[in-house]
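K.L.:
Okay, here's what each chain looks like letter by letter:
Protein chains: 2
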Amino acid sequence: MGKPAEAVDQRPPDQAKMERIVSLCKRRGFIFPSSEIYGGTGSVWDYGPLGVLLKNNVKHAWWRAVVQQRDDMVGLDAAILMHPRVWEASGHTKVFTDPLVDCKQCKQRFRATDIEGDRCPDCGGELTEARPFNLMFKTFMGPVEDQAAITYLRPETCQGIFVNFKHVLTARRKKPPFGIAQIGKSFRNEITTGNFTFRSREFEQYEIEYFVPPEDADRWFEYWVQERLRWYLALGIKQQNLRLRPHCEAELAHYASCCTDIEYQFPFGWAEMEGVANRGDFDLRQHQEHSGRDLAFFDEAEKRRYLPFVIEPSGGVDRTVLALLADAYEEIPGGRGAAGAEVESVLRLQPQLAPIKAAVLPLVRRDGMPDRARAIYDELRRHWFVDYDEGGSIGRRYRREDEIGTPFGITVDSQTAQDGTVTVRDRDTMEQVRVAGDRLVEFIRDKLGEC
Amino acid sequence: MGKPAEAVDQRPPDQAKMERIVSLCKRRGFIFPSSEIYGGTGSVWDYGPLGVLLKNNVKHAWWRAVVQQRDDMVGLDAAILMHPRVWEASGHTKVFTDPLVDCKQCKQRFRATDIEGDRCPDCGGELTEARPFNLMFKTFMGPVEDQAAITYLRPETCQGIFVNFKHVLTARRKKPPFGIAQIGKSFRNEITTGNFTFRSREFEQYEIEYFVPPEDADRWFEYWVQERLRWYLALGIKQQNLRLRPHCEAELAHYASCCTDIEYQFPFGWAEMEGVANRGDFDLRQHQEHSGRDLAFFDEAEKRRYLPFVIEPSGGVDRTVLALLADAYEEIPGGRGAAGAEVESVLRLQPQLAPIKAAVLPLVRRDGMPDRARAIYDELRRHWFVDYDEGGSIGRRYRREDEIGTPFGITVDSQTAQDGTVTVRDRDTMEQVRVAGDRLVEFIRDKLGEC
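If you're matching them up, the sequences are chains A and B in order. Under the working numbering, the first residue of the first sequence is numbered 919, with each subsequent residue one higher. Under the working numbering, the first residue of the second sequence is numbered 919, with each subsequent residue one higher.
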């Protein structure tokens, strides 16, 4: 687990593959560019009918593993709009900036670090000195647009946890070590965006703030790095596409004393999916000072009062979804079917994560097969998202489902009328077994590991 | 179902009860004021550890009933930030306004409809003419804060559905009648807020846009009014607290040709939980004109091209949660226990919606009872959110769980060591039955109606 970077398979970037994934996502309804009929909203994305199911499955898996099944964790759902003083305390109004330069001639604006030389890359004009540009989206609350009404869209979900720390502690009678977990949207007015959903202006995070006695922080940091890596492996992501990258000191954010990224090898290269940071008591101390509220924890057993240290595993939901799509996407030149000539693709998602669990397919549109298939479809849909498809040859329908990662293809054929059995085709092995129609729910439940 | 207003029980508003619910929500971890350590963010709320579970259960119930179990519906998760032209097409930049007046003397701003007379209610100064104030939150995308960069936080989720209509149609091969369903945050810079989470500036909606042939619109409108009312009843909301209120013509929004609200009798009075509107083809037509894209549906069977009409059942997630809390909240003066003197409260939530499904309680902290209770707790937590509590008398612990709506209190007592059984106490009847420890999962699953 977590081999160092050198030992891991290194592939050259493959932008063409990336583009085919983007194209599949749009064509089949995973991810669309936001407001595409108006030319798109800069680096903002909408999840389509299949995308929302995949994303929900990922969020549900995280919530179950991180909150439901742990004794030391509770959930939270804080708002996107917060009091502006939160961002003073957190340091965001001051340091959450990119240096920008303006061209004095054509008035264009650039990120200083993207510029080579000292002239405008477009018109050759003179550039201003670099000035800090805050990456938070600004808005105004209340009826008057003045300085006092300015607030921001949160650039990270974790501050909602810190400001509620004391409320949660009291309401749920918790004591360190314990964590507060949250899933929610964050917004960053990024200057340099790109790589599909990887760096977008509106994105979803899953964050844990895990509060520990200061002397235990290093141990818990190590624990969470391994625990979170283990979780990504449990989602079925290939080990050779995962690595840990400890940050060097110069990279550390202003609040962190140490940080390790969990990186995935995307088609465009290695990049962060999740960061695990030791934030020390930076945040609670800052909020204590700025709010004047006592945020310390009093340990009754040890008669000791302290500000807990915080270990933060902070992951990107959209990045995990993108990693899962890239990891599961496989192209089969010439296809897998008998007469296949075109390139076919299969999405080898873990069945638990697949948007659609099964497709019910009448072999032909006669002999009562559609009715029988419909009845099975109606029964299965009580439990899972299931497709029904009677259009085109059976091979073509299997391929359509392979492309979106449906693990089980259930076919009603002529034998079904005789003995009530159907065939179940496995997406990955393409093997078919006959299963009694009235045992299908149990069969699929068993395959999905649901108990 | 849906008795007219006159026939329904009418209670006087009970603000004191409302305040006790608000207090319970904060104390036990359902809902906190956002950024409360900084004095709160105006009319924005955070969901605490129990609140997020209740809200998730409500959203899950909606998603399952409205998307998973229907053949004619698909899901979507569009972004909050959209192209600004969306709001020109929808009419929001022009008509989504409140009339405001300014006091020329003290510079305060008021909603014109809140003012009686023609002078400032605070200082008596002269007032300006009423001017329209847009209720959308404005922000700037990209590095330059100018007119061209202005965009808005969506004030309703449905526009994300309309702009993706054609994508979804194609990707999932749907045809009218069919619907697109979505859950997500919306934002309105309300001038008049209040009644706890009822009218807040950041809120969550669940919306269905149901696309139908124009000639079928009236029929589908009636269908959805009844279907949505039925769903609220299925959540366990008392029938006498629900009513339908058809809008009079003067109330209709600019896009709607007819609308019926599903209202709940909150402690502060009757108010809208969901609105079902016939939006006609207003939205698709507007987006077609503004984007220049053809948004019509071509019916292959009938060889007919048309813009579908849209029936929109649009509900507030936060309002449903608040209605459920108010509906389930019951005070028992003198308490239900043997020596009860104080007022006790019970949250009679439907077990499927309760944040915590069961509490595991060792009768006393000795004779191995805590260990046995822990083992049961660990087993149950694989399936549901479950509490473990060993602090205080058993009566006190039952009351703590009653207060947050936990349907089952599981007690490990001296008999457990002998025959492996535990007592299961029903929150509502307070009856206790003995159940074998290894049959608890089945017992609870059965009570929850899970199959």
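Among the clues, some could well be false.
Identical chains share a label here; the pair holds if one copy fits it or two copies do between them.
Below, simulated DSSO-like cross-link-like pairs (lysine-lysine); rule was C-alpha separation at most 27 Å, straight line [as the list claims (entries may be wrong)]:
#1 K1365 - K1221
#2 K1084 - K944
#3 K1093 - K1365
#4 K1025 - K1093
#5 K1084 - K935
Quick caveat, the hints were computed from the structure, so don't treat them as lab data. Just so you know, these numbers come straight off a predicted model, no measurement behind them.
K.L.:
Compare the structure with each hint and give your call.
P.N.:
Do the hints match the structure? See the list:
1. K1365 - K1221: For K1365 and K1221, neither the intra-copy (51 Å) nor the inter-copy (44 Å) Cα distance is at most 27 Å.
2. K1084 - K944: Only across copies: K1084 and K944 sit 12 Å apart there, 44 Å inside one copy, limit 27 Å.
3. K1093 - K1365: neither (39 Å within a copy, 33 Å between copies)
4. K1025 - K1093: Answer is neither; intra-copy 54 Å and inter-copy 48 Å both fail.
5. K1084 - K935: This pair counts as between: shortest inter-copy Cα distance 26 Å, intra-copy 48 Å.
Comparing the model with each numbered hint stated earlier shows that hints 1, 3 and 4 do not hold.
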